[in-house]
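> To convert, note that position 39 of the sequence shown is 72 in the numbering used here; the numbers rise steadily by one, no gaps.
Just so you know, these hints were derived from the structure itself, not from any lab. Cβ coordinates follow ideal geometry from the N, Cα and C atoms, glycine included. There may be inaccurate statements among the hints.
Here are the in silico distance ranges between beta carbons for each label pair [stated by the list, open to error]:
{"no.": "1", "residue 1": "S55", "residue 2": "T80", "range": "32 to 42 angstroms"}
{"no.": "2", "residue 1": "I42", "residue 2": "E93", "range": "18 to 28 angstroms"}
{"no.": "3", "residue 1": "P57", "residue 2": "E77", "range": "24 to 34 angstroms"}
{"no.": "4", "residue 1": "Y65", "residue 2": "S36", "range": "13 to 23 angstroms"}
{"no.": "5", "residue 1": "D37", "residue 2": "K73", "range": "19 to 29 angstroms"}
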Amino acid sequence: AASDIHAPISGEIVALNDSMDSSPELVNENPYAVWLFKIKPTTESLTVDLNALMSLAQYESGPGA
34 AASDIHAPIS GEIVALNDSM DSSPELVNEN PYAVWLFKIK PTTESLTVDL
84 NALMSLAQYE SGPGA
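Turn these sequences into a full structure, and let the hints steer you where they fit.
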């Protein structure tokens, strides 16, 4: 099943991993070994986007931790 992908930063998609078209299951089987797309961040929003991300400690202490 397909689902939306939400990127943590704003920008222009400059490359797509074409192997995901023929083998989309790879993202579930080994998510840290594959990439989906490359983003060229927009300078104006990069600092705002990065500051909105959670730190590892915030993530680990969040809901469901």
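> Determine for every hint whether it applies to the structure shown.
Hint-by-hint comparison with the structure:
With their beta carbons about 37 angstroms apart, S55 and T80 fall inside the hinted range of 32 to 42 angstroms. Between I42 and E93 the beta carbons are some 22 angstroms apart, a value that agrees with the proposed interval 18 to 28 angstroms. Separation of P57 from E77 is about 33 angstroms and conforms to the stated range, judged on CB atoms against 24 to 34 angstroms. Between Y65 and S36 the Cβ separation comes to about 19 angstroms, which falls inside the hinted range of 13 to 23 angstroms.
Against the hinted window of 19 to 29 angstroms, the Cβ-Cβ separation of D37 and K73 comes to about 21 angstroms, which satisfies the hint.
Checked against the numbered hints listed earlier, the structure breaks none of them; every hint is satisfied.
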